[in-house]
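Number of protein chains: 2
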Amino acid sequence: MTKIIVPGFRFAGVAGGIKKNGKPDVALLVADESVPAAGVFTQNRVRAAPVILSERRVAAGRLRGVVVNSGNANACTGERGEADADEMTRILGRSVGAGPEELVVASTGVIGVPLPMDRVRSGIDSAAAALSPTGFTTFADAILTTDKGPKVSVARAGDAIVAGCAKGAGMIAPQMATTLAFVVTDAQVDPAWLQETLLAAAGATFNSAIVDGDTSTNDTLLVFASGRAGRVGDDRLKGALFDVLGNLADMLVRDGEGATKLVRVRVTGARTDGDAQLVARRIATSPLVKTALHGADPNWGRIMCAVGNAGVDIDPRRIDLDLGPVAVVRGGAAVVLPSVEEIEAAAHQVMREPSYEVRVALGLGSGSALVTTCDLTHEYITINASYRS
Amino acid sequence: MTKIIVPGFRFAGVAGGIKKNGKPDVALLVADESVPAAGVFTQNRVRAAPVILSERRVAAGRLRGVVVNSGNANACTGERGEADADEMTRILGRSVGAGPEELVVASTGVIGVPLPMDRVRSGIDSAAAALSPTGFTTFADAILTTDKGPKVSVARAGDAIVAGCAKGAGMIAPQMATTLAFVVTDAQVDPAWLQETLLAAAGATFNSAIVDGDTSTNDTLLVFASGRAGRVGDDRLKGALFDVLGNLADMLVRDGEGATKLVRVRVTGARTDGDAQLVARRIATSPLVKTALHGADPNWGRIMCAVGNAGVDIDPRRIDLDLGPVAVVRGGAAVVLPSVEEIEAAAHQVMREPSYEVRVALGLGSGSALVTTCDLTHEYITINASYRS
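Top line first, the protein sequences correspond to chains U and L.
Start counting the first sequence at 1; every next residue gets the next number (my numbering).
Start counting the second sequence at 1001; every next residue gets the next number (my numbering).
Derived from the structure by calculation, the hints contain no laboratory data.
Heads up, a few of these hints could be off.
Okay, derived cross-link-like pairs now, DMTMM-like style, lysine to aspartate or glutamate, Cα gap no bigger than 25 Å in a straight line [to be verified]: (1) L:Lys1019 with U:Glu341; (2) L:Lys1020 with L:Glu1082; (3) U:Lys19 with L:Glu1341; (4) L:Lys1003 with L:Glu1033; (5) L:Lys1019 with U:Glu353; (6) L:Lys1238 with L:Asp1250; (7) L:Lys1023 with U:Glu341; (8) U:Lys19 with L:Glu1342; (9) U:Lys20 with U:Glu87; (10) L:Lys1238 with L:Asp1273; (11) L:Lys1238 with L:Asp1032; (12) U:Lys20 with L:Glu1341; (13) U:Lys23 with L:Glu1341; (14) U:Lys20 with L:Asp1250; (15) L:Lys1020 with U:Glu342; (16) U:Lys238 with U:Glu342; (17) L:Lys1020 with U:Glu341.
Computed from a prediction, not measured in an experiment: that's the story for all the values here.
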């Protein structure tokens, strides 16, 4: 990959000793000046200290940068955790000449253990000394925990570039908390438009990607826009932002703990988009559906069962269900022609593919939703059931 | 076990050829006359034909009996399925001299395949010829699918007996649909009291038992009271009913697909019982929590994360969390004395037990809930990911 340079930004990633394995764990993203910024945060009611701090500060619509640490989530750490998060921004602020209110923080790692602040302090100082316009990939490396590798996506929007990176293997990695994602662009934007567009893009991408249905205490998505490339057209920039976030969300699911398949669940014909979303999410999180996806078992009764469990008012007699191109249910009843056996065999073939679509049509209205999920495998159990010590 | 005899009832179970393995698959429970009866059915919006029929008929408060088949759920089978369910009650009615409106039906097995009615008809006729006051255990055998063995529980209520049986290994067994449970007593009751008490008992037992969080299209719980033993006191009978259903629900969880542990999740201090129930269920269904239970991993951050994801308004700073006798969180923050390592080791010891309690105190009110769950294991994946053919 060629070097990713986004005019107006510098990046760094160093090993500060927070992780016991010596891998990079302190990352910095700093704009040359205060720039338009927007953020989306976890909807979990238990929120880590950095989430509480960052959500408040990004509300102003402009930021200088973010300090990220991996290896420790700074969650369930009480008042000490909140003081530590604030101090992280003060340390960075002194190095780069910014006020703490212009800086935010994101953390990922084990929950309930206080941050080793001596290592965090020296790590931030080392990283600040290493800040460079070509440091994007070192930043992307230092935010990882159990990911198989870095998740980076870049798109063009006219003369501007949109570069994003993310971490996460499962909505929560083992003992870890978090999806983190950071996007920078040199396009010129209005902060309010950026926040609104980011919310829409997150809804269609990250918030529709499901590994195990759990939302962590630390999930954070931030975007910064330096404006160096000038205005490139809102639609064009929005398209590039959706592309980058969509690619990163797919990478999260493909790297989902133990995942071997990426399956799109498309629900149409709901009374509202919200209803469709509830049905799609119920299908995408059902352990019985996800094990059937793993075994390529065309046991579509489990999908019908999940539809009925979504808490949405449906009419079972109007439901159509397709696995890829194979129609398996029409009007709520099994398709039995040419024969139950032939339909099952065709559906099994579809489900052996690494990626395909499950489509449910509810026949009640025009609400729709598209959710991306993965299968539930032995490897997921192995990763998550292992005792840490 | 001594023979279970409940005066006023006859039972039978035979192999009718619905299951391919030749095991018993047609079961009958018939009262000597029309008796008070009550039922609780699946809350899934996709309901199998027998559920639709039985819920309507039991509303009258009196029944003669039930015909059960295993091996085929008669779900997603359209109008043909509804006609088949009705015909099952007509066949039994002719044999025992009862009108079809006095009889109900329950089915469990594969979804989306029409019933083989020729075998069902001859099976019901054979079973009717075998009806006997000592047939309870043959009945309990014939309702099973992938269960490891029969699930039977008996309690005394004064001079009366309360006998129950259930089937189910997971809220849904592989490719199957259903929890079924049947209870008979010779106590004398008022039908309205029976329905009300059954609802309360089901809420505290079956509806608080979680294997994988899916509710099938066929779940059915029926109770019949012959009155032969006369009145025994409502509280005494209610106690016996709760005991029998509680035992059966525990048997379901212990026989949960792949389960190796039975864990009680107790939530207190919620604003309402409903809030407590939502928090307890979220913990009890989280794949990340359930894999941690399996690995005896005291990774309590996953439990805090589940609490925050329950969709209930909580104050994270008031949460206390205990694993068995070990306090791990106080006021939303990790307990760090005597040391993080000692607390983790003590919690790990608790989690190595086959059964223990996870307690969450929310500190907001007096709402509480108790839910029973199991761990998520490799065996669950093996059972559910296997392609059927």
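Comparing the hints with the structure gives:
Restraint check: the Cα-Cα separation between Lys1019 (chain L) and Glu341 (chain U) comes to about 17 Å, which is no more than 25 Å; the hinted pair holds. For a cut-off of 25 Å, the pair hint linking Lys1020 (chain L) to Glu1082 (chain L) stands: about 23 Å separates their Cα positions. Proposed proximity of Lys19 (chain U) and Glu1341 (chain L) is supported: the alpha carbons are some 17 Å apart, at most 25 Å. For the hint pairing Lys1003 (chain L) with Glu1033 (chain L), the CA-to-CA distance comes to about 22 Å; that is within 25 Å, so the pair holds.
Only pairs whose Cα atoms come within 25 Å are accepted, and Lys1019 (chain L) paired with Glu353 (chain U) is rejected, the gap being roughly 31 Å. With a C-alpha separation of about 18 Å, the suggested pair Lys1238 (chain L) and Asp1250 (chain L) falls inside the 25 Å cut-off, and the hint holds. Among the hinted pairs, Lys1023 (chain L) with Glu341 (chain U) is consistent with the structure: their alpha-carbon atoms are about 23 Å apart, no more than 25 Å. Taking the CA atoms of Lys19 (chain U) and Glu1342 (chain L), the gap is about 21 Å. The hint holds against a cut of 25 Å.
Only pairs whose Cα atoms come within 25 Å are accepted, and Lys20 (chain U) paired with Glu87 (chain U) is accepted, the gap being roughly 22 Å. Proximity of Lys1238 (chain L) to Asp1273 (chain L) is assessed by CA-CA distance (about 21 Å); at most 25 Å being required, the pair is judged to hold. Between Lys1238 (chain L) and Asp1032 (chain L) the alpha-carbon distance is near 23 Å, which keeps this suggested pair within the 25 Å criterion. Distance check on the hinted pair: Lys20 (chain U) and Glu1341 (chain L) sit about 16 Å apart at the alpha-carbon level, within 25 Å; holds.
As the CA atoms of Lys23 (chain U) and Glu1341 (chain L) are separated by approximately 23 Å, the hinted pair is consistent with the 25 Å bound. Taking the CA atoms of Lys20 (chain U) and Asp1250 (chain L), the gap is about 42 Å. The hint is violated against a cut of 25 Å. Straight-line distance between C-alpha atoms of Lys1020 (chain L) and Glu342 (chain U) comes to about 20 Å, which keeps the hinted pair within the 25 Å bound. Under the criterion of a C-alpha separation no larger than 25 Å, the hint pairing Lys238 (chain U) with Glu342 (chain U) is inconsistent with the structure, at around 45 Å.
For the hint linking Lys1020 (chain L) to Glu341 (chain U), the alpha-carbon distance of about 16 Å falls within 25 Å, and the restraint holds.
Taken one by one, the earlier hints fail for this structure at numbers 5, 14 and 16, listed in ascending order.
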